[in-house]
Structure formats: structure tokens, C-alpha cells
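With the hints as a guide, bring the two chains together.
Note that the protein sequences, when read in sequence, are chains A and B. Each residue of the first sequence is one higher than the last, beginning at 1 in our numbering. Each residue of the second sequence is one higher than the last, beginning at 117 in our numbering.
Note that these hints are calculated values from the structure, not bench results. Mixed in with the good hints, there may be bad ones.
[To be verified] Straight-line Cα separation of at most 30 Å, DSS-like style, residue types lysine-lysine; simulated pairs:
1. A:Lys56 <-> A:Lys37
2. B:Lys173 <-> A:Lys5
3. B:Lys127 <-> A:Lys37
4. A:Lys37 <-> A:Lys71
5. A:Lys5 <-> A:Lys68
6. A:Lys68 <-> A:Lys56
7. A:Lys37 <-> B:Lys173
8. B:Lys173 <-> B:Lys130
9. A:Lys5 <-> A:Lys56
10. A:Lys54 <-> A:Lys37
11. B:Lys187 <-> B:Lys173
12. A:Lys37 <-> A:Lys5
13. B:Lys173 <-> A:Lys68
14. B:Lys187 <-> B:Lys127
15. B:Lys173 <-> A:Lys71
[What the hints assert, rightly or not] Example chain B residues on the side facing chain A (calculated, C-beta under 10 Å, incomplete):
16. Gln157
17. Glu168
18. Leu171
19. Ser174
20. Leu207
21. Arg225
[Unchecked claim] The following residues of chain A were derived to be distant from chain B, with all beta-carbon distances above 10 Å:
22. Glu15
23. Asn22
24. Thr26
25. Met29
26. Leu34
27. Phe46
28. Asp55
29. Arg61
30. Asn67
31. Lys68
32. Ala70
33. His72
34. Gly83
35. Leu104
36. Thr108
Note that the Cβ used here is the ideal one computed from N, Cα and C, for glycine as well.
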Amino acid sequence: DQQVKQNSPSLSVQEGRISILNCDYTNSMFDYFLWYKKYPAEGPTFLISISSIKDKNEDGRFTVFLNKSAKHLSLHIVPSQPGDSAVYFCAASERKDLYNTDKLIFGTGTRLQVFP
Amino acid sequence: DTGVSQNPRHKITKRGQNVTFRCDPISEHNRLYWYRQTLGQGPEFLTYFQNEAQLEKSRLLSDRFSAERPKGSFSTLEIQRTEQGDSAMYLCATTGRADNEQFFGPGTRLTVL
Numbered sequence: 001d002q003q004v005k006q007n008s009p010s011l012s013v014q015e016g017r018i019s020i021l022n023c024d025y026t027n028s029m030f031d032y033f034l035w036y037k038k039y040p041a042e043g044p045t046f047l048i049s050i051s052s053i054k055d056k057n058e059d060g061r062f063t064v065f066l067n068k069s070a071k072h073l074s075l076h077i078v079p080s081q082p083g084d085s086a087v088y089f090c091a092a093s094e095r096k097d098l099y100n101t102d103k104l105i106f107g108t109g110t111r112l113q114v115f116p
Numbered sequence: 117d118t119g120v121s122q123n124p125r126h127k128i129t130k131r132g133q134n135v136t137f138r139c140d141p142i143s144e145h146n147r148l149y150w151y152r153q154t155l156g157q158g159p160e161f162l163t164y165f166q167n168e169a170q171l172e173k174s175r176l177l178s179d180r181f182s183a184e185r186p187k188g189s190f191s192t193l194e195i196q197r198t199e200q201g202d203s204a205m206y207l208c209a210t211t212g213r214a215d216n217e218q219f220f221g222p223g224t225r226l227t228v229l
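If we strip away everything but chain B, and leave its shape as in the complex, we get (with noise of 0.2 Å):
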């Protein structure tokens, strides 16, 4: 399978706790996008990466949220002393084109309880 994964697909955890989330993007794909759904939204942009350098970070983005990508291939996105408003889907999009369709991962789901 030569598609975007994420893993973990699923993951609950105690409000306080930090939790970590791993995208691997199509290879050669330059471009890798974070979106965060809830229920009943269309996706939302949370931060983009152009090989291993952040460029956008959506407002949505607080300061208990980071992403990296090390090395321009695999990204990571963590949440510090999770919230129970940060349940949500979680997904990962990579293109290798400026103007063309982003392909999205199966995303992760949090569940902060």
C-alpha cells in the first residue's frame, strides 16, 4: 500500500495526558497538510509542511499542539495536557503538486475522556 498511513487509528486518553500521532506520506510527496474534523465539520486546516519546514500554522493550532517532520518524510503531531475539546479525527494529507488534489490518510481518532 503505497497511500498515506497515520497511526495510531484510534486513541483514548485521560484529559491532562500528552499524546503523540505519527503521518507517513506518499513517497516524494514535498507537501503534508494536518487537519483536525468534529462532528458534523469538514475537515480543518491545522498547520503545513513543505519538506521539513512549517509554513503555516492555523490559528486552531495552540500552544499545547506541535508538529514536526524531520527530515521532509515523516510527521508527527502532539498534543500536551490534552483537553476533552480535542477529541476529534485527526488526518494527514500530502501532494507532491503545487495545485493538484491533497490525498489524506485514514486519520486518528482521540477520544480525551
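Bound-form chain A, shown alone (with noise of 0.2 Å):
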């Protein structure tokens, strides 16, 4: 059962344009929601987050959208940089669970390419 899901594994964009990354969950009990970048060999690195009560959060180039009633969150990257090829992650957690753990449930992630 794949709560979050990343259903595009891979994404090229040309430097300076925008890339969109898109997610989708079905657990309604999911409150909170990051993006993580991953390069190989490395651990996965926070980048943005969001909680269920606002619709947008924006950190310099980055800007994550939730739209809550069709379960979607979308990152935004404005203008996308050659550095920024890597695996992003989408992941949520729910904030008060059975265990009070704030586990992050998290998606199979999208590859992205920018290109110069």
C-alpha cells in the first residue's frame, strides 16, 4: 500500500526553466509534508516542508504548493540550476500518531536532470 506517491520517476529540464515536481498521498490523516533532494551515495537532504494548515511555503528557489482536497503537493523549482539534478523525495507524517513518531512515509522519488 503506497501512501505517497511520485508517479513520474523522471524529470529533464533545461537550465533556467521551471522544474515541477508532483506528489500525491491518500492517507487523509497525513498533516505534514517535506521534499528531500538525495544525491548518490549521500543521505537525503531537507529542503522545503508544509503544513496541512497553509496552501504554499516558498524558501528562495523553492516553493512547495498542497492543494489538501485532491491530496496533491507539488515542488516548484525556479530557475532550476545544473546542481540541482539529483533524486527528490516527497514524504509526509502524520503528527500525532498511535506512538506520537512523526515517521516520515516517503514516495519512490523522481530523478531530475537539468541540462545546460
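Put into C-alpha cells, the structure is as follows:
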């Protein structure tokens, strides 16, 4: 049961253009969402997050949009740079699960390639 | 470097051997998580500690797996009688707050021959 889905395994974007990465979820109890970036042989690096009480959060070139009715979120990167080339993971957590764990449920990732 | 550290970074072992991994959290982070990532998948939750208490274990954590966090500082993850299916990247993450991002270590890549 894949509660967090990233249906695009890869995305290729030209430098300077916008990159849009999408994520869908099925668990209506999720109330906190995060995006992580991962290079090969490294652990995931936190990028940006959003609480379910918001529909947009912006940090520099990165903006995350949340559509709760559609159970969909997206990450926009503008402008895209070659250094953004990596695998991007969407993750979600329930604020107060049974054990107050806040464990993250990850999607399968989208490989972004930004070419010159 | 004050980030999360994990040792060893790579481990190659033969099937049936025991292995132990270590995670050193960011100081003062009282919440520690172990995840496992296999090829083509996102990280999957294994277990969670708040201070020294292990509060949740995933069904992925079979009885061959055991994790500890003595004194609420570093944590160890041991796998007994390793199987080829245990080959994966084992990631540790920590946070000091209940509703914020988790900081990941570089991971330990386990290969079981």
C-alpha cells in the first residue's frame, strides 16, 4: 500500500526553466509534508516543508504547493540549475500517530536532470 | 561537523553473519529514527527512539533485527544471520522537535553476499 506516490520516475529540464515535481498521497491523516533531495551515496537532505494548514510555502528558488482536497503537492524550482540534478523525495507524516512517532512515509522519488 | 554520522559507510558480509551499524545523532536531538532504502524505493521506516526508549517498530523489523539507544545518545542497529534480502542502505535520522524536519546521516550501505 503506497501511501505517498511520485508517479514520474524522471524529469528533464533545461537550465533556467521551471522544474515541477509532483506527489500524491492517500492518507487523509497526513498533516505535514516535506521534500528531500538525494545525491548518490549520500543521505537525503531536507529542502522544504509545509504544514496542512497552509497551501504554499516558499524558500528562495523552492516553492511547495499543497492541495488538500486533491491530496496533491508539488515542488517548484525556479530557475532550475545544473546543481539541482538529483533524486527528489516527497515525504509525509501524521502529527499525532499512536506513538507520537512523526515517522516519515516516503514516495519512490523523481530523478531530476537539469541540462545546460 | 555537527551533523548526523553513521559508521561504517559500507559493509560487505557473507550470508549468515551478524553486522552492527552505529548512528551518532546531532547533539541534543532526542528523537532518532532508522530507515532502510532499497534500489528504486524511498526510505522505509524501521524503528523510532525518543531518548533511550524504543517507542515504535515497523513490521519490516524482523526478529533478526535489534536496535538500541543506551543513555539516549548514539544508537546501534544489529542484524543477525544476515540474508541477501537485507542488502540495502540503512539510514539514521534525528530531530529535536516534534513537528520539524528530520536530519539524515550519510547511511551505511550493506551488501550481503
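Comparing the hints with the structure gives:
As the CA atoms of lysine 56 of chain A and lysine 37 of chain A are separated by approximately 19 Å, the hinted pair is consistent with the 30 Å bound. The straight-line distance between the Cα atoms of lysine 173 of chain B and lysine 5 of chain A is roughly 23 Å, inside the 30 Å bound, and the hint therefore holds. Restraint check for lysine 127 of chain B and lysine 37 of chain A: the C-alpha separation of about 24 Å stays at or below 30 Å, so the hint holds. For the proposed pair lysine 37 of chain A and lysine 71 of chain A, the alpha carbon gap of about 21 Å is at most 30 Å, so the pair holds.
Distance restraint check for lysine 5 of chain A and lysine 68 of chain A: the Cα-Cα separation of roughly 15 Å lies within the 30 Å cut-off, and the hinted pair is therefore satisfied. A distance of roughly 11 Å separates the Cα atoms of lysine 68 of chain A and lysine 56 of chain A; the hinted pair therefore holds under the 30 Å criterion. For the hint pairing lysine 37 of chain A with lysine 173 of chain B, the CA-to-CA distance comes to about 26 Å; that is within 30 Å, so the pair holds. With a C-alpha separation of about 26 Å, the suggested pairing of lysine 173 of chain B with lysine 130 of chain B holds against the 30 Å cut-off.
For the given pair, lysine 5 of chain A sits about 20 Å from lysine 56 of chain A by alpha-carbon distance, which is consistent with the 30 Å threshold. With a C-alpha separation of about 22 Å, the suggested pairing of lysine 54 of chain A with lysine 37 of chain A holds against the 30 Å cut-off. Straight-line distance between C-alpha atoms of lysine 187 of chain B and lysine 173 of chain B comes to about 19 Å, which keeps the hinted pair within the 30 Å bound. For the given pair, lysine 37 of chain A sits about 16 Å from lysine 5 of chain A by alpha-carbon distance, which is consistent with the 30 Å threshold.
Taken as a hint, the lysine 173 of chain B and lysine 68 of chain A pair is honoured in the structure, with Cα atoms around 29 Å apart against an allowance of 30 Å. A hinted pair counts as satisfied when its Cα atoms are at most 30 Å apart, and lysine 187 of chain B with lysine 127 of chain B qualifies at roughly 26 Å. Restraint check for lysine 173 of chain B and lysine 71 of chain A: the C-alpha separation of about 27 Å stays at or below 30 Å, so the hint holds. Checking glutamine 157 of chain B against chain A: minimum C-beta separation of about 6 Å stays under 10 Å; hint holds.
Restraint check, glutamate 168 of chain B versus chain A: the minimum CB separation of about 15 Å is more than 10 Å; hint violated. Against a cut-off of 10 Å between C-beta atoms, the interface hint on leucine 171 of chain B holds, since the closest Cβ of chain A lies about 5 Å away. Among the interface hints, the one on serine 174 of chain B holds; its C-beta lies about 8 Å from the nearest C-beta in chain A, closer than the 10 Å criterion. Interface hint status for leucine 207 of chain B: upheld, as the beta-carbon distance to the closest one in chain A is roughly 6 Å, under 10 Å.
Because the smallest distance between the Cβ of arginine 225 of chain B and any Cβ of chain A comes to about 8 Å, under 10 Å, the interface hint for this residue holds. For glutamate 15 of chain A, the requirement that its beta carbon stay farther than 10 Å from each beta carbon of chain B is met, with the minimum near 27 Å. The Cβ of asparagine 22 of chain A lies farther than 10 Å from every Cβ of chain B, with a closest approach of about 15 Å, so its non-interface assignment holds. Listed as a non-interface residue, threonine 26 of chain A keeps its Cβ farther than 10 Å from every Cβ of chain B; the least gap is roughly 15 Å.
Every Cβ of chain B is farther than 10 Å from the Cβ of methionine 29 of chain A; the closest lies at roughly 14 Å, confirming the non-interface assignment. With 10 Å as the threshold on Cβ separation, the claim that leucine 34 of chain A sits away from chain B is violated: the shortest Cβ distance comes to roughly 6 Å. Consistency note on phenylalanine 46 of chain A: stated as away from chain B, yet its beta-carbon is not over 10 Å from all of that chain's, at 4 Å minimum. Even its closest Cβ contact with chain B, about 18 Å, leaves aspartate 55 of chain A beyond 10 Å, as expected for a residue assigned away from the interface.
With 10 Å as the threshold on Cβ separation, the claim that arginine 61 of chain A sits away from chain B holds: the shortest Cβ distance comes to roughly 18 Å. No Cβ of chain B approaches the Cβ of asparagine 67 of chain A within 10 Å, the least distance being about 21 Å, so the stated non-interface status holds. In this structure lysine 68 of chain A is separated from chain B by more than 10 Å, as the shortest Cβ-Cβ distance comes to about 17 Å. Non-interface call for alanine 70 of chain A relative to chain B: holds, since the shortest CB-CB distance, roughly 21 Å, exceeds 10 Å.
For histidine 72 of chain A, the non-interface assignment is confirmed: its Cβ lies about 17 Å from the closest Cβ of chain B, beyond the 10 Å cut-off. No beta-carbon of chain B is positioned within 10 Å of the beta-carbon of glycine 83 of chain A; the least distance is around 19 Å. A Cβ of chain B approaches the Cβ of leucine 104 of chain A within 10 Å, the least distance being about 6 Å, so the stated non-interface status is violated. With a minimum CB-CB distance of about 5 Å to chain B, threonine 108 of chain A fails to clear the 10 Å threshold, and the non-interface call is violated.
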